[in-house]
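Chains as they are written, first to last, in the UniProt record's numbering: chain A, 1 to 663; chain B, 1 to 305; chain C, 1 to 319.
Just so you know, these hints were derived from the structure itself, not from any lab. In this text, a Cβ means the ideal position worked out from N, Cα and C, and glycines have one as well. Check before you lean on any hint, since a few could be wrong.
What the hints assert, rightly or not - A short, non-exhaustive set of chain C residues, derived as facing chain A with CB atoms under 7 angstroms:
#  : residue
1  : Met47
2  : Ile52
3  : Tyr54
4  : Ser57
5  : Pro58
6  : Phe64
7  : Ser92
8  : Ala112
9  : Gly119
10 : His127
11 : Asp129
12 : Arg160
13 : Leu163
14 : Ser258
15 : Leu260
As the list claims (entries may be wrong) - Okay, the calculated bits of chain B under chain A, using three or more residues with CB under 8 angstroms as the criterion:
#  : segment
16 : 38-50
17 : 262-274
18 : 294-302
The residues making up each chain are set out below.
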Amino acid sequence: MSAVQAIPRISLLWLLVAQVLVIIPHLAHLPLWIVALWLVCAGWRVQIYRMRAQYPATWLKSGLTVGIVGGVYLSRGSLIGLDAGVVLLIAAFILKLVEMRSRRDALVLILLGFFAVVTVYLFDDRLTTVAFTLLPVTGLLAALIGLQQSPLQQSPWQPLRLAASLLAQALPLMLLLFLFFPRFGPLWSLPMPDQRGVTGLSDSMAPNDIAELSRSDALAFRASFEGAPPPRNQQYWRALTFDKFEGRRWSQSSEVRWTSAPSWTPAGEPIRYRIIMEASSKPWLFGIDLATTELERTRLMSDFRLERREPVDQKLVYRVTSWPQALREPTMVKPAIRRVLQLPADGNPRSRAWAQQLKDQYPDPQALVQAVLQHFNREPYFYTLRPPPVGENSIDDFLFDTRRGFCEHYAGATAFVLRAAGVPARVVTGYQGGELNVSGNYIQVRQFDAHAWVEYWREGTGWTSVDPTFQVAPQRIEQGLEQALAGEQSFLENSPLSLLRYRHIGWLNDLRMSWENLNYGWERWVLGYQQGTQLEVLQKWFGRLDSGDFVLALVGGGGAVLLLVALWLFKPWRRERDVHQRLYLRFERLLARHGVQRQPGEGARAFAQRAELALPAQLGHIRAFADAFEAQRYGGAPSAPDHLQCHLRALRRALPIRLLRRD
Amino acid sequence: MHTKLDACLDAVNQILLGKEPQVRLALTCLLARGHLLIEDLPGMGKTTLSHALANVLGLNFQRIQFTSDLLPGDILGTSVFDKDTGLFVFHPGPIFAELVLADEINRATPKSQSALLEAMEEGQVTIEGATRPLPEPFFVIATQNPVSQGGTFALPESQLDRFLMRLSLGYPAKAAEKALLLGEARREMLPRLDAVLSHEQLAALQAEVPKVRASDAVVDYVLRLVEATRTQPQFAWGLSPRASLALLAAARAWAFLAQRDYVIPEDVQAVLPSVVGHRLRERADPTGHGGGTLVQWLLREVPAL
Amino acid sequence: MAVFKQRWQRWLQRRIPPATSVLLTQRRIFIIPTRIGAAFSLALLLMLMAGINYQNSPAYGLTFLLAAVFVIAILHTYRNLAGLTLHAAGGSPVFVGEQATLRVRLSSNGRAHQSVALGWPPQDLQHFDVPANGLAECELIVPARKRGWLRPGRLRVESRFPLGILVTWSLVDLDQAVLVYPRPLAGDMPVAAGTREDDEDQGARVLGQGADDYQGLKTYQPGDSKRRLHWKAYSRGHGLLVKDFAALAGRDLWLDFSELQGDSEMRLSVLCHWVLSLSERQQPFALRLPGLVLGPDNGQTHREACLRALALYGQENVR
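Looking at chain A on its own, in the form it has when it is part of the complex (with noise of 0.2 angstroms):
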């Protein structure tokens, strides 16, 4: 290699290209300066190739690189982590364009890029976003042949061509590599990506929280049920309970968190299913009222919610059983009984007044309760997603004035009126429903789902759900937020664009259900393709399978593949000669195992002649074929191989057998 190759001009074209698309599906979590030095360094690395700037000088290089890392400092508030690792990566990747000089600078620039792109997927691994790195790669490649071309080429469609066909022939082997290849657990720990913008359930419940989180249509998780799915009604996703009320806002005491989970007892069919769950950066996981999960480091908490040891920073695929009907913690002790029963000292006085007055009335809890309910479906109350502000004495305000409100509302309305009523009682948060695919058998619930319900509990019977918001809006849970709604036009009325808007649009809908249909299979398929899948795939196609099927697999099915490849680009079959010069070889190397061989030099003509000299006994077969011969290749006789062929066989039968040359 001489010492310095200069970048032809394709590769440079393609690498700022690939640049580009590189940078594209980075850009939600990058600073804004990151463009602005992109758009800097092109111009520049440009400029160069025009002979109208010099490269950098040393210390301008050091100082751009001091520059940057004080930057995404400054931007990102640390130099470790992912969010800042992989700004500085880009930023790397951006300097490096203008450095760089020799094929070799090109080079290690389009590694970084491959490395770029595979950072894209740690933070949007959306089928979409997948796809489209496809052409930054695509650009990649394209530039890495252009460095290996002479600069004389001059398309620079040529080498984009060469890059899509190489990845198109290389789709088989990568499948099979993806199939077969072992999937192992996480070698070591490393920093997850800041998921701190999503969107979901919070750990505390102040009045309009929800009614806030019901403005979005972002994805909370995927269920998808082995049978039938149980009823809408009877689908409360339980995520977490609070039962710590400050006046205005609902929390969870701490001693929840430290409590191992009270006793119960499975009663009834249990339900199973698969959660496929977005990533929320909280550790709670969602489940049909009491579940199990066999998921690692996850454990049924006090309250019987499902919390993961570490917070789930990326989709998460697990396995759930609920038991509907399960008889929770029938017995409990007093410090637990006074925690579910805790108020504060003073505030809402009506409210209390109403409690003492229907604790009175009714001695026995499930009356009681029986009681709140039939208020909120007799009395005018209203579900609306906008509730008027309340003072103080939210509850009281929104009890007696308002009466308007979202489920969050009823929920910690009821919660309040029944423990001041002394039944122990708390708010439980979670989703509620969700959109049945019916073609995929999965339940999609959105964040507009979300939901919260009332839990009581009674000595002997243990926790009871009760949903005030059937009372005042049984159409949310029996068909969904939307039609609780229709009067008021407020669903998701602030993102006009959301298809979702837009469900009773039948083609539209079909065409939504479709792609989220394409999105569940990609979530469950590829992206929940880990260890577990792998093998329970893998063994419902193949059956048992050790190691040693996938070492075979792999070579075997590699080279496989590998061979039809070799078959399509190099078509053998074209390289053949035509049928009459096969059928003259085969009449050649007849004749000399009998002895006449044939100068490269010698024409049919002549060599049948002298073929006849020294096999006068075979002179009509040698002479027949020669002359049949003759006539279609050059004498414009219609091509006849099985002429020719009857010919041969003729001959071969008059001739005494014999397998080896004489020489």
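On the provided structure of chain A, position chains B and C as indicated by the hints.
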């Protein structure tokens, strides 16, 4: 028609004994509308061959003896002032004949040589501004002594390329020479030769030749031959496209003479030495006449099929 | 090491015997990853680590896609060389100290071949593109350091196209040789003793071409000196004519090896100088080497014969 051609061959072979292959090649050359160069020592029957061919084919015959003092005008003709009419009258030179024998062409100065060769190439003569067409058919047989002889001007390569074939008659076989000595004087037999073909018949035959089928396989063989001369190191230079055209045309005529309506590689091989021999030089000896060994190499090594 | 090298050469000799034209087939082509390929593999390993540690399927996917591209590139790299035919197309003689040019013709047998590199390592290889079903004429340069036949040895033909991560190469012996003449060295004219005495100054006898006496014009023939072209006539459309001079006989020069002092290389260099300068002047001369006499004669052929004799003097392998 073919019987007529055979009759022609027989008649010429009666005169020129033991030279069947050369006579056949000469007739091939004529059928392919090419010109012929015969290179041999004096007295080998060059003139006899030309004369016999002319008589048999019914062509009018002119002979130009090239000497070092021959001027272009002696070949092409000159304008002479006619006192009676007061006009210049053109007196056509010997080139205005159907078969021209340019005897010992290498004795003349290059200037006279090129006058003949240009006329051959263009089929017309331009003298004093007037263009005069040469007769049709027009066939030149040039003879030359081997260049090693003293006092000669060798034809340069560019001129040699204009001859379709170069033949060498060589010494006759013993039996043939004996017959020659015992028999009648050849020159006396010549006038008795009758024309076998008329002009129209000859023209028709010549028109038939390009229709002989040359299949892809044969054309590929010609290409392989030409390619070999261009790539193999022992060749000082490769054959020109004009040479490959000439080779195929001659092979067609040869096949036609053999009463076949298609060309086979053997036809190409039969005409190869005479068609390309004078167009090739060995790299090791670019001034000499290594064509023969090169042709043998081509015949031996280039795959015929 | 030497034993190994010898074996390797012998094996190559059997595998790819010398020939003036070599078709590259799978028997004659070797392939291994390059350093770029190693860097590429390292990058793939890093990407795989990211895929494993983040349990990220798209990262696995991209890693596998690029790994598969690596494997497919084996076929493409091989294909860029396979089916190529190399023909030796000769070379012109040079003098010691000059760069000898060897011509190689690459011909494609169907598809196009891009960026095929030819050369004799450790010199830099030169890159050529061969169009589909076409030819590429390559002029390769080798320094001529010694007089005699210059045989540059096995020609390395390699290709890294398309990705540069693999290199496929072959070592072919095109049986090429270039004649290297001695380096011309100015010195006293080594005129043989005795020839001058024979010189009878009895008028001049015309002896073919020479440089002495103008005789007239003649048509140009290949081999005639370009310096004698009659350009005026050419511009008037009379074709290429050369001015013809006749040499006067009786003044033949005899360049004699034994008349010179010094070692034989030196003597050959001086002789070479005189052969060149006398030919330049179109002066007939004769060359006398131990065991060999050429001439007296003049002209291109004679010059070449003399130079060839000088180049090959004392060498065993005279082809």
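Do the hints match the structure? See the list:
For the restraint placing Met47 (chain C) at the interface with chain A, the shortest Cβ-Cβ distance is roughly 5 angstroms, inside the 7 angstroms limit, so the hint holds. Contact between Ile52 (chain C) and chain A, as hinted, is supported at the beta carbon level, the nearest pair being about 6 angstroms apart and thus within 7 angstroms. A hinted interface residue such as Tyr54 (chain C) counts as satisfied when its beta carbon comes closer than 7 angstroms to some beta carbon of chain A; here the least separation is about 6 angstroms, so the hint holds. This hint holds: Ser57 (chain C) has a C-beta 5 angstroms from the nearest C-beta of chain A, less than the 7 angstroms allowed.
Given hint, Pro58 (chain C) at the interface with chain A, holds; its Cβ is 4 angstroms from that chain's nearest Cβ, closer than 7 angstroms. With a least beta-carbon distance of about 4 angstroms to chain A, the hint placing Phe64 (chain C) at the interface is held under the 7 angstroms criterion. A distance limit of 7 angstroms between C-beta atoms decides the matter here; for Ser92 (chain C) the minimum to chain A is near 26 angstroms, and the interface restraint is violated. The closest approach between the C-beta of Ala112 (chain C) and any C-beta of chain A is roughly 10 angstroms, which is over the 7 angstroms cut-off, so the hint fails.
Checking Gly119 (chain C) against chain A by beta carbon gives a least distance of about 12 angstroms; that is not within 7 angstroms, so the hint is violated. The interface hint given for His127 (chain C) is met, as the beta carbon of that residue sits about 5 angstroms from the closest beta carbon of chain A, less than 7 angstroms. Annotation: interface hint on Asp129 (chain C) holds; nearest CB of chain A at approximately 5 angstroms, less than 7 angstroms. About 5 angstroms separates the beta-carbon of Arg160 (chain C) from the nearest beta-carbon of chain A, less than 7 angstroms, and the hint is met.
For Leu163 (chain C), the suggested interface contact is upheld, since its CB lies about 5 angstroms from the closest CB of chain A, less than 7 angstroms. For Ser258 (chain C), the interface hint is violated, the least distance from its beta-carbon to any beta-carbon of chain A being 48 angstroms, above 7 angstroms. Taking 7 angstroms as the C-beta contact cut-off toward chain A, the hint placing Leu260 (chain C) at the interface is violated, the least distance being around 43 angstroms. A stretch counts as covered by a chain when three or more of its residues have a beta carbon under 8 angstroms from one of that chain; for the segment 38-50 of chain B and chain A the count is 0, and the coverage is violated.
For a cut-off of 8 angstroms, the count of residues in the segment 262-274 of chain B with a CB near a CB of chain A stands at 6, and the three-residue condition holds. Figure legend: the segment 294-302 of chain B, annotated as covered by chain A; annotation consistent (5 residues with Cβ-Cβ distances under 8 angstroms, at least 3 required).
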